[in-house]
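There are 6 protein chains.
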Amino acid sequence: MYYYDKRLQYPVRVEKPDPLFARQLQQAIGGIEGEIRVCLQYFFQAWGARGPSTKYRDVLLNTATEEIGHIEMLSTAVALNLEDAPATLQETSAQANPIVGAVMGGERPRHVVEGMLQRHLLSTGLAALPVNCDGVPFDCSHVYASGNLAGDMFCNVAAEATGRTLAVRLYNATHDKGMQDMLSFLIARDTMHQQQWLAVIEDLGGLKENLPVPNSFDQSKEAREFSYMFVGTERSGTPVQPGRYAEGPSVDGKGQFQFKAFEPLGEEPVLGPARPDSAAQKEQMAAPPVTNSKV
Amino acid sequence: MYYYDKRLQYPVRVEKPDPLFARQLQQAIGGIEGEIRVCLQYFFQAWGARGPSTKYRDVLLNTATEEIGHIEMLSTAVALNLEDAPATLQETSAQANPIVGAVMGGERPRHVVEGMLQRHLLSTGLAALPVNCDGVPFDCSHVYASGNLAGDMFCNVAAEATGRTLAVRLYNATHDKGMQDMLSFLIARDTMHQQQWLAVIEDLGGLKENLPVPNSFDQSKEAREFSYMFVGTERSGTPVQPGRYAEGPSVDGKGQFQFKAFEPLGEEPVLGPARPDSAAQKEQMAAPPVTNSKV
Amino acid sequence: MYYYDKRLQYPVRVEKPDPLFARQLQQAIGGIEGEIRVCLQYFFQAWGARGPSTKYRDVLLNTATEEIGHIEMLSTAVALNLEDAPATLQETSAQANPIVGAVMGGERPRHVVEGMLQRHLLSTGLAALPVNCDGVPFDCSHVYASGNLAGDMFCNVAAEATGRTLAVRLYNATHDKGMQDMLSFLIARDTMHQQQWLAVIEDLGGLKENLPVPNSFDQSKEAREFSYMFVGTERSGTPVQPGRYAEGPSVDGKGQFQFKAFEPLGEEPVLGPARPDSAAQKEQMAAPPVTNSKV
Amino acid sequence: MYYYDKRLQYPVRVEKPDPLFARQLQQAIGGIEGEIRVCLQYFFQAWGARGPSTKYRDVLLNTATEEIGHIEMLSTAVALNLEDAPATLQETSAQANPIVGAVMGGERPRHVVEGMLQRHLLSTGLAALPVNCDGVPFDCSHVYASGNLAGDMFCNVAAEATGRTLAVRLYNATHDKGMQDMLSFLIARDTMHQQQWLAVIEDLGGLKENLPVPNSFDQSKEAREFSYMFVGTERSGTPVQPGRYAEGPSVDGKGQFQFKAFEPLGEEPVLGPARPDSAAQKEQMAAPPVTNSKV
Amino acid sequence: MYYYDKRLQYPVRVEKPDPLFARQLQQAIGGIEGEIRVCLQYFFQAWGARGPSTKYRDVLLNTATEEIGHIEMLSTAVALNLEDAPATLQETSAQANPIVGAVMGGERPRHVVEGMLQRHLLSTGLAALPVNCDGVPFDCSHVYASGNLAGDMFCNVAAEATGRTLAVRLYNATHDKGMQDMLSFLIARDTMHQQQWLAVIEDLGGLKENLPVPNSFDQSKEAREFSYMFVGTERSGTPVQPGRYAEGPSVDGKGQFQFKAFEPLGEEPVLGPARPDSAAQKEQMAAPPVTNSKV
Amino acid sequence: MYYYDKRLQYPVRVEKPDPLFARQLQQAIGGIEGEIRVCLQYFFQAWGARGPSTKYRDVLLNTATEEIGHIEMLSTAVALNLEDAPATLQETSAQANPIVGAVMGGERPRHVVEGMLQRHLLSTGLAALPVNCDGVPFDCSHVYASGNLAGDMFCNVAAEATGRTLAVRLYNATHDKGMQDMLSFLIARDTMHQQQWLAVIEDLGGLKENLPVPNSFDQSKEAREFSYMFVGTERSGTPVQPGRYAEGPSVDGKGQFQFKAFEPLGEEPVLGPARPDSAAQKEQMAAPPVTNSKV
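Residue numbers (our numbering), protein chains in the order written: chain A, 194 to 488; chain B, 194 to 488; chain C, 194 to 488; chain D, 194 to 488; chain E, 194 to 488; chain F, 194 to 488.
Everything labelled a hint here was simulated from the structure, so no lab data went into it.
Quantities reported herein were computed from a predicted structural model and do not represent experimental measurements.
Keep in mind that a hint or two might mislead.
Since the list can't tell identical chains apart, any single copy or any two copies may satisfy a pair.
[Said to hold, decoys possible] Derived pair list, reagent style DSSO-like, types lysine-lysine, alpha-carbon separation capped at 30 Å:
1) K209 <-> K370
2) K475 <-> K414
3) K209 <-> K248
4) K199 <-> K209
5) K199 <-> K475
6) K209 <-> K447
7) K401 <-> K199
8) K401 <-> K447
9) K199 <-> K248
10) K475 <-> K209
11) K209 <-> K414
12) K370 <-> K414
13) K248 <-> K475
14) K414 <-> K199
15) K453 <-> K209
16) K401 <-> K209
17) K447 <-> K370
18) K447 <-> K199
19) K475 <-> K401
20) K248 <-> K401
21) K401 <-> K414
22) K453 <-> K414
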C-alpha cells in the first residue's frame with residue numbers, strides 16, 4: 194500500500210518560464226527514457242518478484258516509489274514553465290491581455306506558440322501530460338519485467354543510462370538556475386540508480402556467475418560452437434576491425450572470442466503451396482517442384 | 194548497401210507443425226524481446242554512430258545484418274508450423290477436407306483454431322507477420338539508439354538478455370526436434386551477443402571508465418550528496434535489507450553507498466490560478482492564498 | 194444504412210488562412226476530445242444497444258450521424274486554412290512562387306512551415322488527416338461502449354465536456370470571424386450533447402436510481418464498510434480538507450460519507466519461487482521462507 | 194513525495210489458481226477501465242491543478258495514491274493465479290513435471306495454454322504486466338486531465354463507472370472465494386469513487402452551476418439557437434422517440450429541449466485546385482468552376 | 194451532412210451463434226483490411242479532394258457513406274454471434290444458468306471462453322468494438338489520403354483487394370447460412386469497389402497517362418538511368434528469374450526494363466564527431482580521420 | 194541470409210545542413226509512405242510466399258534487400274542535416290559555442306530548435322530514428338502481406354505511389370543540391386518499383402485474369418447482382434456524376450457497371466436483452482417487444 198507527503202522530494206523552481214523547455218521536459222516524463230517508464234518498470238518487477246527472499250522486491254519497491262516523486266517534480270516543472278504561455282496566435286492579443294504582454298522576452302505570441310506542444314494549450318490548460326517531447330503518449334509496452342532478475346537489472350541499467358543522458362541534455366539546453374538545480378538532483382539520482390542495479394548483479398554473485406542470462410539454461414543444449422563466435426556479414430568477407438569483442442577470453446570466462454566470415458548453413462526455404470481454402474490467387478496453389486526444407 | 198543469399202543462416206526444420214507454437218514464435222519476431230527490434234536497433238545505432246573511427250559502426254553493422262537472417266529463420270519456422278492448420282471452425286470440415294483430416298493429432302479443428310493467432314488465418318494465409326505472440330504489432334519506439342555509445346551497449350545487453358530468456362522459454366515449450374535445433378542456434382547467438390556488447394564496454398576502457406553514463410558530464414555539476422545514496426521510501430523508515438546496493442564502494446569507484454530514509458526537501462507545489470482564456474471552471478480562476486514554490 | 198447530403202451542416206468560412214490554426218483544429222478531428230471519437234463512440238453504443246426497446250439506440254444514432262457532419266466541417270476548415278501554406282523551406286521560393294508570395298502577412302516561409310504539422314505538407318497535399326494537433330493518429334481504444342447504458346452516458350458527458358473545453362480554447366485562439374462562427378455552432382452543439390446525455394440518465398430514473406453503476410449488482414455482495422469511506426493516504430494521517438466528498442449523505446442516498454486514514458489490511462505478498470522451466474536466474478528458484486498470502 | 198508499506202491494502206488470496214482468470218484480471222490492470230489509468234489520471238489532474246486553494250489537489254492525491262495499491266493487489270492476484278500454469282504445450286510434460294501434473298483439474302496442458310495470454314508464459318515468467326486482457330499495452334493517451342475541474346470530474350465518474358462494471362463482470366466470472374473477496378473490496382471502492390467525484394461537483398456548486406462545461410465561456414458567444422435542440426438526422430425526418438432528452442427544461446435550467454429534423458445550413462464545400470508543387474496528379478491542378486464556400 | 198435509415202443495407206441473420214466467429218468478424222470491423230478503415234479513408238479523401246470539379250469527391254462520398262452501413266452490419270453480426278456466450282469460466286455455471294445451458298453444442302463454458310476475445314465479455318457486455326480479431330484497436334494511421342488522386346485510387350484498390358481476401362476467408366470459416374449470405378453480399382461489394390477505383394484511373398486517362406504517380410513531376414529531374422532498372426541484390430550477382438518485371442517495355446511505355454546486379458555507387462558514410470554538449474561518451478568526441486561523404 | 198557493403202547504394206551529400214529538413218526526411222524513413230515499411234513489407238511477403246515456384250519470392254527479396262540501403266541513405270542524410278543544430282534554447286549560447294555560432298544563416302538558436310523534432314536533440318544526439326516527420330514511431334501493422342499475391346502487388350504499387358509522392362514533395366521543399374541529387378535517385382527507384390509490381394500482375398496473366406482479388410473464390414457464391422452496381426447513397430437519390438465507374442463494361446470484363454440509388458434491404462436490427470450476469474443497468478434486462486432480425 195502507498196502513502197503521499199504533500200511536499201516535493203526536492204525543490205522545483207523556475208526563474209523564467211519557457212514553454213519550449215516545458216515541451217522538452219515532457220521527454221523525461223513520458224518519453225521512453227523517462228520517469229513513468231522506470232516507475233512502472235520497477236513496480237512490475239517488484240510485484241512479480243519470485244525468489245528465496247523478498248530482498249530484491251524490497252529494493253525495487255524503494256526505488257519505484259521514489260520515481261513517482263520524480264514524475265511529480267517534472268510535472269510541476271512543466272506547469273511552472275507554461276505559466277506565461279500565450280493562448281492565442283494573434284499579435285493583438287499580446288496587447289489585449291496584460292498577462293501575456295511581455296511573453297518570452299518580447300517574442301511575438303505566434304512564434305512562442307509554434308514551438309509549443311499544442312496539447313499543452315489545447316488539452317491540459319497549461320499543465321503536463323504523459324506524452325513525450327513530440328506529443329507521443331507513453332505506451333506501457335516499454336515496461337520491461339521479464340521474470341529473470343539479472344535480465345531485469347540490465348534493463349534497469351539501460352533505462353537509467355539513457356535517462357541520465359536525457360537529463361544531461363536537458364541540463365545543457367537551459368540556462369534557468371532553478372531548472373538546472375532540479376536537474377542536478379535528478380542526474381545524481383540517475384547516477385545512483387545505475388550503480389545500484391549493477392550492485393544487485395554483484396550481490397547475486399557477479400557478472401561471470403550470472404552470464405549468460407538466463408544462467409539456469411543448461412549450456413550443453415545450446416549450439417556452443419556459435420556461442421563465442423563474432424559472425425562477420427561483410428559481403429567481401431573482410432574481418433571486423435580488431436577489438437575486445439572478437440579476441441581474447443569471453444566476458445563470462447567460459448569461451449574464447451573468435452571471428453568468422455559466415456557462410457549460410459541452411460538451404461533455401463520452400464513452403465508448401467497455398468491451400469484452396471486460403472483465398473490466395475489460383476496461380477499459388479500448384480505444388481512447388483521441390484520441398485527440401487521440411488523433413 | 195545490402196545483399197542476400199537465398200539460403201538460411203542455419204537449417205529450419207519442423208517435424209510436427211503446431212499452430213499454437215507458431216503463435217508463440219511470433220514473440221521472437223515482433224515482440225519487444227524479438228529480432229526485428231534488435232535488427233533495427235543495431236542498424237540505427239550504426240547509421241548514427243559518431244566517433245573518432247568507424248570501428249563500432251562496423252561492429253554494429255555486422256550484427257545488425259546477421260539479425261535480418263534471424264527474422265527470416267523465425268518467419269520460415271512460423272510458416273512451416275502453420276502448414277496443417279484448419280481454416281474452418283466446424284467439425285465437419287475435418288472430414289470434408291483431407292488436408293486437415295488428421296489435424297494436430299486428432300484435435301477437433303475448433304480447438305486448434307481457438308489457440309491460434311487469428312490473423313495467421315485471416316490476414317496472412319498461414320504465414321508470419323510482424324506482431325508479438327498476442328497479436329500486437331511491433332512498434333519502433335523500442336529501437337533504442339541514444340547517441341551515447343556506452344548507454345546503447347547497455348540497451349543491447351538488456352535486449353539480448355531478455356531475448357535469450359525468451360528463446361529458452363520457447364525451447365522449453367516445444368518437443369519438436371527441428372525447432373529445438375533451430376533454437377539451440379539462436380540461444381547460442383544470444384549468448385555471444387550478450388558477450389560482445391559487454392566486450393565493447395571493455396574495449397572502451399571498462400565499466401569504471403564509462404560510468405556513470407554519460408561520462409562526459411562534469412560530475413561537479415550534479416548534486417553529489419545524492420549520487421551514491423540508496424533512498425529509502427518505506428513509510429516507517431525501515432532500512433532496506435542489507436546488500437551490496439546499500440553498502441561498500443560504488444561500482445564506479447567514485448563514492449560509497451549509503452542508505453537514507455528520505456524526508457522531502459521541497460515544499461508543497463502551488464501553481465498559479467487558471468487563466469480566464471484557458472477554459473477552466475470559474476472557480477479555478479481566483480488566486481491561491483500562497484505561492485511559495487515559485488521564486 | 195446511411196445517406197449524405199452534399200451540403201455542410203453549418204457554413205464553414207475562413208477569412209485568413211492560417212496553417213498553424215489548421216494544426217490546432219486537428220485536435221478537434223483526431224484528438225481524444227475530438228469528433229471521430231464521439232462519432233464512433235455513439236455508433237458502437239447504438240449498434241450494441243440491448244434493452245427493452247430501441248429507444249436509446251435511436252437517440253444514439255441521431256447524434257452519431259450528426260457527428261459525421263462535424264468531422265466534415267472541421268476537415269473542410271483545415272483544408273481552407275492550409276490553402277496558402279508554403280511548400281518549401283527556402284526564402285527564395287516566396288519570390289519565385291507568386292501563390293505563396295504574401296504568405297501569412299509577411300512571415301518568411303520557413304517560420305510558417307516550422308509551426309505546421311509536417312504531414313499537412315508531406316502526407317496530404319494540404320488537407321486534414323485523422324490525427325491530433327501534435328500528429329498522433331486517432332486510436333479507437335478511445336471508443337467507450339461498455340454495454341452499460343448509464344456508464345456509457347457518463348462517458349458521453351465526459352467526452353462532450355472535454356470536447357466543449359477544447360472548442361472554447363480553439364475559439365479563444367483565433368481572431369478569424371469565419372472560424373469563430375463555425376466554432377460558435379460547434380460549442381452550442383456540445384452544450385446540447387452534454388445536456389442530452391444527462392437527460393437520458395433522468396429518463397432512466399435519475400441519478401439515485403442509477404448509482405452506483407452498474408445498478409444490477411447486488412450491493413450486499415460488496416464490502417459495504419468501504420463503499421462510502423474516503424480513504425486517506427496522506428503519510429501523516431492528516432485528514433483531507435473538509436468538503437462534500439467526505440461528509441454528509443452519499444450522492445446515491447444509500448450511505449454516509451466518512452473519512453478514514455487507512456492502514457493496510459493485507460499482508461506482505463509472497464509469491465512462489467521461480468520454476469526450473471521458467472528461465473529465471475538460478476538464485477530465484479529456492480523456496481521463500483514463508484508463504485503466508487496464499488491459502 | 195511518496196512512501197510504501199509492504200502490506201497490501203486488502204488481503205489477496207487465490208484458492209484455485211486459474212491462468213485464464215489471470216488473463217481476465219489483466220483488464221483491470223492495463224485495460225482502459227483499469228487501475229493504471231485511474232491512478233495516472235488522478236495524479237496528472239492533481240499535479241496540474243490550478244485554483245484558489247489546494248483543496249481538490251489534495252482530494253485527488255489521496256485517491257491517486259490509493260490506486261497504486263489497487264494495481265499492486267491485482268498484480269499479486271495475477272501472479273498467484275499463474276502459479277500452476279503449464280510452461281509447455283505437450284501432453285507428456287504433464288507426466289514429466291510433477292509440478293504441473295494436476296494442472297487445472299485434469300485439463301491437458303495444451304488446452305490450458307490456449308486460453309492464456311501467451312506473454313504471461315513468454316515475457317514475464319508467470320507474472321502480471323501492464324497490458325489488457327487481450328494483450329494490448331496500456332497507452333497513456335487515456336489519461337484525461339483537461340485542466341477543467343468539472344470536466345475532469347465527469348471523466349473520473351466515467352472511469353469509475355466502467356471500472357465498476359468491469360469489476361462486477363470479473364466477480365461474476367469466477368467462483369474462487371479469495372478472488373470474490375478481493376473483488377468485493379474493489380467494487381466497494383469503485384462505488385465510493387463514483388460518489389466522491391460527483392460530490393466534488395456538488396462541492397463546486399452543483400450541476401446547474403457547473404454546466405455547460407466549461408462554465409467560464411460567455412454563452413452569448415455561442416449560437417444559442419442550437420444549444421438545446423435535439424438534432425434529428427433520420428432520413429425521413431421521423432422524430433426521435435419521446436423522452437426527457439427532447440422535451441422539457443434543459444438539465445442546466447438555461448433552456449428548453451426541442452426536437453428538429455435538421456436540414457443543412459451550409460453549402461457544398463469547394464476547395465482550391467491542387468498546387469503545382471504539391472505532387473498531385475496533373476488533372477487536379479485546374480481551377481474548379483465555382484468556389485462559393487470560401488469568402 | 195449525413196442521415197440514417199434504421200434498416201440495415203442488407204439482412205443480417207445468425208442461425209447458430211458462435212463467439213469464436215464473432216471474434217473473427219472483428220477483423221472485418223477493426224482490422225487493417227476492415228470497414229472502419231475504408232470508410233474513413235474514402236471520407237478523408239473526399240473531404241480533401243482538390244481538382245477541377247467535384248466529380249471524384251462525389252464518387253468517394255457515395256461509397257464512404259455506404260461503408261458506414263457495412264460496419265453496422267458487421268457489428269450487428271458480432272452482437273448476434275455473442276448472444277449465447279458464457280459469462281463465467283466454471284463448469285457449474287452451465288447448470289446454474291439455463292440461458293447458457295446448451296452453450297455451443299455441448300462445449301464446456303471454459304473452452305468457449307478460451308477462444309473468445311476477452312473484451313467481448315469484459316468490456317462490451319457482448320457486443321462489437323473497433324478492434325481487430327486479436328484485440329488490437331484500429332489506428333487511424335491506416336487512413337491513406339495522400340492528396341494525389343491516382344495514388345489514392347491504388348490505395349483503395351489495395352484496401353478492397355485485401356478486404357475481399359479477408360471476406361472470403363471468413364466465408365470459408367463458417368457454415369452458418371445467415372453469415373454466408375451476409376458475406377456473399379459484402380464480397381460482391383468488394384468486387385465492385387475494386388472495379389470502380391480502377392475505373393476512376395481509366396476515367397482519368399488510364400494507366401499510362403497516370404504513371405508514374407505523381408505524373409506532375411518532371412521526369413527529366415529524376416535519375417532516369419535507374420527508372421526502369423531491376424536492381425539485383427543477390428550476393429553472387431545471380432540475375433533474378435526471367436519475368437515481365439525485368440524484360441520488355443515498361444508498363445507506362447516510357448522505358449525498357451533491364452536487370453542489373455548492382456554495385457554501390459556511394460562511399461562509406463562518415464559522420465562528424467559527437468559534440469561536447471551532446472551527452473555522448475568522451476571517446477566519441479574526437480574527430481574521425483577522414484570525412485569524405487560530406488561536401 | 195544477408196550481407197552488407199560499407200558503401201552506400203548512391204552518394205549522400207548535404208551542402209547546407211538544415212535540421213527542419215532532417216525532420217521532414219524522417220517521413221521517408223518512419224512514415225507510412227516510408228522505406229522501413231516497404232522494406233519489411235517485401236520481406237514478409239517473400240518469407241511467406243507460397244506458390245509453384247520461388248520466382249516471386251526471389252523478386253521480392255531483391256527489392257526488399259535494396260530497401261535496407263534506402264533507409265541507410267536517408268538516415269545518413271538526417272544525421273548530416275543535423276550536424277550544426279543548436280543544442281540549447283538560449284540566445285547566448287550562440288556566442289558561447291563557436292560550433293553553432295553561424296547556425297542556419299543567422300537564425301537565433303531558439304527559432305531553429307522550434308522547428309526541430311525535439312527527439313533529434315534529446316533522444317538521439319543528432320541522428321535519425323524510426324519515427325515519422327511529426328515524431329510518431331513506425332508501427333508494423335502497416336506491413337501488408339496478405340498471402341494473396343495479386344492483392345499484395347496492389348499494396349506494393351500503392352506503397353510506391355504514395356512513396357514517390359512523398360519523395361517529390363521532399364524534392365520540392367529543398368534547394369540543397371546534394372539532397373536533390375539523392376532524391377532524384379530515390380524518385381527514379383520509386384518509378385521502377387511502381388512498374389515492377391504492376392509487371393508482376395502482367396506476369397501472372399494480367400488484370401482481367403487476376404480480378405477480382407482473390408480470383409480463387411467461386412463468384413457464383415457471391416451475390417452477383419451487387420457485384421458491378423455503383424451504390425448511390427445521396428439522400429435525394431441524385432445519381433453520381435457520369436463517369437467510367439458507373440457505365441460501360443467492368444474492368445475485369447465480367448459485368449456491366451450500373452448506378453442504383455440504393456434503398457435498405459434489411460430490417461431494423463433488434464438485439465436480445467442484456468443478461469442478468471452482464472453488469473448492464475437493470476432497465477436493459479427486459480426483453481424487447483419484437484426480435485425480427487434473428488431467425
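List of violated hint numbers, smallest to largest: 6, 7, 15, 16 and 18
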